[in-house]
Amino acid sequence: MKADKMQSFAQDMAAEQIEKAQEIRKSDKTILQVTSLKKHYRQKNKRNVLVRSLDGVNFELKKGECLGIIGESGCGKSTLGRVLIGLEEATAGEILIDWEDINDLKKKNRKELRRKAQMVFQNPFDTFDNRIRIGDILTSTLKLHDIGKTSKTRKQIVLDSLKQVGLLPEEDFFKRYPNELSGGQLQRISILRSMLLKPEFIVADEPVSMLDVSVRAEVIHMLRRMAEQENTAVVFISHDIATTRYIADRIAVMYLGKIMEMGTANEVITSPMHPYTKALISNCGDADPRHKMEPLKVKGEPPSPMNIPEGCSFSDRCPYATDRCRSEEQTLHDFKEDGHLVRCRFALQHN
Amino acid sequence: MSILEIKDLSVSYLGDDYKVRAVDHVSLNIEEGESLGIVGESGSGKSTLMLGILRLLNERTSKTEGEALFRGNDLISMNKKELAKVRWSEISVVFQKAMNVFSPVHTIETFLSDIYKVHRPNAKRQEIRKELTDLLAMVNLPKQVLRMYPHELSGGMLQRTSIAMSLMFRPKILVLDEATTALDVITQNQILSEILEIEEKLHLTRVLITHDMSVVANFCKKIAVFYAGRLMEVGYVEDVLVHPRHPYTRDLVKSYPTFSEDGTGTVISIPGTMIDLKKAYTGCPYANRCDRATEQCRTDRPMEDQMDEHWSYYCHNPLQGGETDESR
Amino acid sequence: MARYLSKRVLTGLLCVLVALCLNFALIHMAPGDPIRILVGNKEPNPELVQVLTEKYGLDQPALVQFEKYIGNLLHGDLGDSYYTGEPVLNIIKQKLPLTLLLAGSMVFIAVIIGGLLGVFCAKRAGGKLDTFLGSFTYLFDSVPGYWLGLMLILLFASRLKILPTTGLVSIRESYTGFAHILDMAKHLILPITTGVIGIVPYYFRITRASVIQQLGEDFIVTLRAAGMSEHKIFYKYVFRNAIIPTVTAVGIHLAYMIAGSTIIEIVFGLPGLGSYLMTSISRRDYPILMGFYLILSVSVAVMMIVVDFVYTLLDPRVRHVSD
Amino acid sequence: GNNTGNSTDTGSSATAAPTGTNAGTSSDTTGSTDASTGTTDSTDNTATGDTTGTTDTANAAMYGGTLVVGQTAEPITLNPDGTNDNGNLFIINNVFNKLLKINNQSEILPDLAQTYEISEDGLTYTFHLYENVTFHDGVAMTSDDVIFTFDEIIAQGGRAAEKFNTNIVSITATDDYTVVFQLEQPDASFLSKVAYDGCMILPRHIYEGKDFLSADALQDPVGTGPFVWSDWTKGSSITLVKNENYFMGPDVPYLDKVQFTFISDGDTAVQAFLNGEIDVLGGITPTDTSVIYDNPEVAKDVVMYASRFLLGFNMNVAPFDNLEVRKAFAYAMNADELISKAIKEQGLKTNTYISPLFNWAVNYNEDAATLSYDQAKAIECLENAGLTKNADGYYMDLTLDTFNYAPFTDLALVFQYEMAQVGINVTINMLEWAAWDEKVCQNKDYTITLTSAYQGPDVSALATSIVTDQYNNYYGYSNSEVDQLMADALTAKTMDEQAAIYGRVQEILAADIPYVPFSEWVGYFTYKAYLMGMPSSSDIVDYCSNGEYTYVYFTE
Amino acid sequence: MKKVKHLIHRYPRLIFGLCMAFVLVIVAVLAPLLSPYNPYDLSDDMMVGPSAAHWFGTDKLGRDILSMILYGSRTSLIIGISSAMIAAVIGTIIGAIAGYLGGKADLILGEIINIFMMIPSFFLILIIVALFGSGLFKVMIVIGLTSWTGNAKIMRGQALSLRSRTFVKASEAVGENRMKILIKHIIPNGIFPIVSNTTMGIASAILMESSLAFLGLGDPNTVSWGQLIANGKAYLTSGWWISFFGGIAIIYTVVAFFFIGDGLNVILNPKIRNVTNV
Ligand SMILES: Nc1ncnc2c1ncn2[C@@H]1O[C@H](COP(=O)(O)OP(=O)(O)OP(=O)(O)O)[C@@H](O)[C@H]1O
Ligand SMILES: Nc1ncnc2c1ncn2[C@@H]1O[C@H](COP(=O)(O)OP(=O)(O)OP(=O)(O)O)[C@@H](O)[C@H]1O
Ligand SMILES: [Mg+2]
Ligand SMILES: [Mg+2]
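Chains as they are written, first to last, in this note's numbering: chain A, 972 to 1322; chain B, 51 to 378; chain C, 486 to 808; chain D, 168 to 723; chain E, 185 to 462.
Hints should not be assumed to be uniformly reliable.
Claimed, not checked - Here are the computed lysine-lysine pairs in the DSSO-like style, where the Cα-Cα straight-line distance is at most 30 Å: (1) 189/E to 608/C; (2) 721/C to 222/B; (3) 1169/A to 353/E; (4) 1126/A to 364/E; (5) 288/E to 1009/A; (6) 671/C to 556/D; (7) 613/C to 364/E; (8) 328/B to 1146/A; (9) 288/E to 329/B; (10) 671/C to 174/B; (11) 608/C to 69/B; (12) 187/E to 1077/A; (13) 1077/A to 364/E; (14) 608/C to 328/B; (15) 187/E to 1114/A; (16) 167/B to 717/C; (17) 608/C to 147/B; (18) 368/E to 1077/A; (19) 1114/A to 364/E; (20) 328/B to 187/E; (21) 147/B to 717/C; (22) 1120/A to 189/E; (23) 364/E to 69/B; (24) 401/D to 553/C; (25) 368/E to 1126/A; (26) 553/C to 131/B; (27) 189/E to 613/C; (28) 113/B to 721/C; (29) 69/B to 613/C.
Because the hints were derived from the structure by calculation, they are not lab data.
A quick note: this is a predicted structure, and the numbers were derived from the prediction, not measured.
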């Protein structure tokens, strides 16, 4: 008897605590927290070589926030995206979506994870199966997640949202096949499909890099508008720094699987602290010939994630590198205590 | 003095049941020692222009009309033998997909030597090796590269090798077709800067094909804007990009986000899509997307209008100087 | 490389083993008792049947038999034919050369003809001549080998009487030396022609496709842009690269042809592996069937490994991957 | 336990193809061998006398040449007395001799035994051997070798073992050239047994102590015959060369060489024959008879065997336990059509249960014939049996088991067609011999089968097909009277007695119809017309045995 | 009309093949109407050469060869289509699963495919049919069961490449389960080369069946071209027509399906046609 009572009491206590904790969390706007995330691959034919695509990534994302991720090709941006939405499993580290571990979510209910985390892919021309009409693609997504009771209501939802994003006449788009649409239109539908599920956050992996410059803006605008409307957070992956700055609230700069610098978009772009960020930004030209740039020269080529140099991973190319840089691992540090994180102990010195 | 004079050049791809006018009556003058950037959206005919001039297109499935005078000699009507002489020793190309530019089963040295021997058939091995080593040094590559296979090189190294290869006979004209697009910005800048240096040394005339306006803005003197196979506007970068006359140029510029001080300036998209080149049309190809389009734009083909000797555009309703900053 | 090869050998062995299991199971499931065939269809002497059954171990469970077979195999013993008592290895040694000669010459000639035609058509891909020749190869493909063989016999041997019908040598003349070889060649004209027609399309298609593919490669455009002559581009680059798949095909095809020439051997009365096989099937001569099958699967497996190896020699990309 | 003479002929086949070399690859493997067959002409048991093997007008032009003989099967053993092998039969025939031999007309001729005598009680057989016989290695052949041969056959279980192992009391030699066989019971077929396959006289000095059934069965043969073993190109040919010291010589043989070439496919062999690549087609009988028979360059001699084409019923399963149904089938079969269409006249219509080769036994009761073709009666019988037509218009649907080689494939088709006409739907199931044997003979898992049965060389061999539970009685036929009669026939003293018994058997069989024989197997020994002295030709039949090429010569 | 002309110009083999196959199907369906005789009837006119009464002559049993050829088209089509279908279904499923699921499934299935590929299929079929008997149905099944490897290999390749296509990734991201993706996206998008390969497979199966029939392993209860040729083999010198027309019929049919298969391939792979060269 007593034991029973004890137990139920303990249960009550536990329940209480959990409730409390949840309340705290609910009040907190963080919907994504990533801690020391690692993703290592083995080469297909060289099984002993480890590819460290993600090598300890930490960040958090608040509701409705847009985090831009920039970096050179091969630095692990897409890998991060795939791991974040659970398309691939992380080698190590933790991803909490709405304070729930992604792996638990996946085990418990795969569909729910999908409803929380969505993705927009780089190549809009390949995002849809060309044999299936746009309307069917969108309604089947709704059906999959039990949104809308009848097929009629589902169709109405889809038509409404098509209209909302300006794909008019919506009935016409509903009936068309993917290969009958332009890249910009397809990418908008791709975003639309993700947003239909009202996710907590969306990973957009270079959503405009395959598009012509002349249509990029409409896609970016749409993404921003819809995210704002639904209060959805966005992880915007791109190597186009100007575009990222245009859309993102905060920017994280990645290099060889690590975040080198992170801060508000303006801060990072206008006053970069890490030598790598500086190099990256100074090398980005402007379409206006009046703004001539003075690029920061950097040696060598980006090393591959198969052999990351010891110490600071940028040390072998960094113009300011010292012996300490080459031997000591650096950590992300908020030197100015304004939320602007840098992974370089000499960050302040260079400025 | 113009080194390459393109006169009324048209290139069509001939399918079984269609004909694509990929380059449509284009006239363009390239001065010796000048650097020209050709920009335009995907499918606007930039690559085709280059392939057409060098006659690298399949003669069964394409047709090239007009003239392309290299130092007064027409490349289009030239016989194969003369053409072979011009190719590479006078005009050379750097292609976009550097990975595929080299034969995968031959070493870089074999491949480069074979090309070397095309124009220097009697060259000795030693001589070739020395020449190749020098070439690689020019683009900051070690001579070890010679012994490697293409798959053993990184993208940047391949692109450098490709550039070295194009400089082999110190050509007069170097065409770079999206040569650096696939590379990341830092490497891209490195390579372009190196090219600028070499260019000065060798007195090259450079034609840079890209769709990245910022590259043209930073690395070229002149710019030619293409749209749907037609030349829209050509002139000095400072003129065209700052005070565009053609509405398309203006719209294109406005679709690029800039770093301008606060970075909050809006970017725009051009509504609609490019016309289908398989279908015949009259007037200006941009008329369906242009906010300044008039009835004339839809019916009559705009003829060349010149601001000055170096700046011309093809528009019935061009912008005047003050309208540049007008937003849509 | 060594690791890669050893892995290939291992999978090859596995394949052979599985093939053997399959064959063993099939053979032993089939109706018909080899011993009864062996003792003849006179009133069978039950004692003799008993003795022979025990001698060949056919009274034991299939699994035990298989184990024993594999055990002997590991000692290089393929067993003896139930029917003639000869070691299977000897029989194979006797029959294989002709089959190899047949298959080898067919593949060799077909590679040359098919290859040349393929190159010829690839250069004119899409043209009238290409379409025509391409259709023609399908015609070749569609002709049943046995029918063609019969028609050739009808025409050249029966009607025109310019070539022998059957067999490998003119029995009556018992030639020796060079005359013998000539005689054999004469006898092989029709069978080889029949076979070649059957496989030419295969090589034609491989060659044509790979030449076309090579012609479409970007580096060919580079070479053209560099002013290299079409002729040189073709022979130094296109051909060299296009030959790789053809070489690959030859190796494996050769192995398959050991079985593939069966019908030709039968139609032309050639004493090769294939025609003997048919006989052995009806005799339920298990050791022979197993032995032949083994040879077949081993040669296919070996050829696959050899081809892989050759491939790595020819294509540095593969070499790289397999390191 | 009185089964003397009841033994079936060794190597004879009561099933499968009638000729070992006829039916292509498949039949070779069946082990059926009855291409050469002998029947004892029991009315004549005195010696045929001394025949010299020489022709009257031998001249130089007849000598020389290589005879190329086509054959479908390659030997699997080279011991003539070892295991059953139709591949070696014709070849070995020319390398060895027997005591007596059988010619093409099933008559018994002297061979190594110049003369022989039979005692009054029929229990002692005395053979007098030629004295000038040597083996190919030069060693003289004596009665010792004869005794050795027969002892070994019995001891090692050779192909003829069963003929001798129960009835022989002793084999002794009175001198080097006289051998005496002592029997336990009289056996009218004893001479034919001695003259039949598997009794070649072997050299003791070579075979002594050897296991000639398996281990040493392939050693190069050394015999006394007209030709000497020369070489064997496996898979292709065997060559024999002339024996210069042949005991019937010095005039014969005429040929320098005989080459047996193996062409597994019969049709190909015919092509080769027509093309002049081979001289003798021998037992390979072409399916396409027209190309051979109308050809002036080709000679052919008729050879008849006690092999019979028949339709067998499984009397243990319904409806074949019903006589009316069996009668219906017998009526429905048109033997003329079967012979003309399917076997292309290489048969002889039959309506008796005993082969006409044994005409003394057949003739006794001429009324006991099989039913003759009559479709109306067939239908009547089916109705009598209580069968009615089904929706498809058939009285019954059944499966016919037969072999997948000629002429059975064609026989089955014609049969199928004929049965359809009387409302019987036959599905043909073609099997390989091995599978057929398992299905029909061993498991008796069939309804009807088309096959051929060898019922020789002696008439008593019929017993295996009709006596209860005998090996070849896969019809499941059982009639105690027949069982008794067949046993009696063996011990019957006179031919007349025997004939009377067989007459009664025929009568019963004709009434019971356990199977329906419809044709004898008639073979043609085919060779090029430029050859003379072929074993099948009538002019040398008195001294040449079946398959023997001693007297063959080229005319051009 | 112009469109038809254009199609012929563009896909000459496909159109040609389709026409040929169409005729064949008509013949097969209308065989009883078109045949002058019942092909199972044995007349007394044996071995009659081509004549007014028997256009293609008669065989040794007096059957009309033209009728046999017309009826034989049914056998060929049934065998060809059914076994190719069996092969297509097995190959597609195994290949798609191996390619799409990858990992261990691919390792195992891939090795199985390899092993089956290494077994010379004609040889295997020969053994099976020779040992176990030859009914139409059996032959069909056996050919189908042994010739799926090509399809599996193709489908595996297709699935492998489709797996990395964005729309598959996107479907996964949207939450569709793998089985459904396999059925909804992988197979339909990868099926085209299988269709073309299967058409070719029909041709091969017809050839295979005829080879078996030629070796005496056909079903005697149905008329088939291979058997016809085999029957005529013995009568080559005196009755060439028996084998001859059967062979022509096989060639006609097989060519038709090869042409269709090739045509489908060209449509799938227009690159083959428009390659640049001089
Ligand atoms: N499945 C995989 N197996 C092995 N290595 C992989 C795999 N996926 C990615 N990588 C490696 O991980 C590294 C990071 O790849 P990722 O695609 O994330 O880069 P990225 O930053 O998105 O580059 P890009 O800008 O080119 O898209 C690369 O070196 C890549 O080769
Ligand atoms: N082989 C071909 N056959 C038919 N049309 C072609 C062919 N190659 C190119 N085109 C068409 O010609 C037009 C111009 O192509 P081109 O490659 O020159 O454009 P581009 O400006 O270089 O584009 P990108 O920026 O994508 O390289 C496009 O509409 C294209 O679809
Ligand atoms: Mg990426
Ligand atoms: Mg281009």
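Evaluation of the provided hints:
{"no.": "1", "hint": "189/E to 608/C", "verdict": "26 Å, holds"}
{"no.": "2", "hint": "721/C to 222/B", "verdict": "28 Å, holds"}
{"no.": "3", "hint": "1169/A to 353/E", "verdict": "19 Å, holds"}
{"no.": "4", "hint": "1126/A to 364/E", "verdict": "21 Å, holds"}
{"no.": "5", "hint": "288/E to 1009/A", "verdict": "24 Å, holds"}
{"no.": "6", "hint": "671/C to 556/D", "verdict": "61 Å, violated"}
{"no.": "7", "hint": "613/C to 364/E", "verdict": "45 Å, violated"}
{"no.": "8", "hint": "328/B to 1146/A", "verdict": "24 Å, holds"}
{"no.": "9", "hint": "288/E to 329/B", "verdict": "51 Å, violated"}
{"no.": "10", "hint": "671/C to 174/B", "verdict": "51 Å, violated"}
{"no.": "11", "hint": "608/C to 69/B", "verdict": "23 Å, holds"}
{"no.": "12", "hint": "187/E to 1077/A", "verdict": "54 Å, violated"}
{"no.": "13", "hint": "1077/A to 364/E", "verdict": "18 Å, holds"}
{"no.": "14", "hint": "608/C to 328/B", "verdict": "28 Å, holds"}
{"no.": "15", "hint": "187/E to 1114/A", "verdict": "42 Å, violated"}
{"no.": "16", "hint": "167/B to 717/C", "verdict": "11 Å, holds"}
{"no.": "17", "hint": "608/C to 147/B", "verdict": "25 Å, holds"}
{"no.": "18", "hint": "368/E to 1077/A", "verdict": "23 Å, holds"}
{"no.": "19", "hint": "1114/A to 364/E", "verdict": "14 Å, holds"}
{"no.": "20", "hint": "328/B to 187/E", "verdict": "18 Å, holds"}
{"no.": "21", "hint": "147/B to 717/C", "verdict": "23 Å, holds"}
{"no.": "22", "hint": "1120/A to 189/E", "verdict": "51 Å, violated"}
{"no.": "23", "hint": "364/E to 69/B", "verdict": "41 Å, violated"}
{"no.": "24", "hint": "401/D to 553/C", "verdict": "29 Å, holds"}
{"no.": "25", "hint": "368/E to 1126/A", "verdict": "20 Å, holds"}
{"no.": "26", "hint": "553/C to 131/B", "verdict": "73 Å, violated"}
{"no.": "27", "hint": "189/E to 613/C", "verdict": "16 Å, holds"}
{"no.": "28", "hint": "113/B to 721/C", "verdict": "28 Å, holds"}
{"no.": "29", "hint": "69/B to 613/C", "verdict": "21 Å, holds"}
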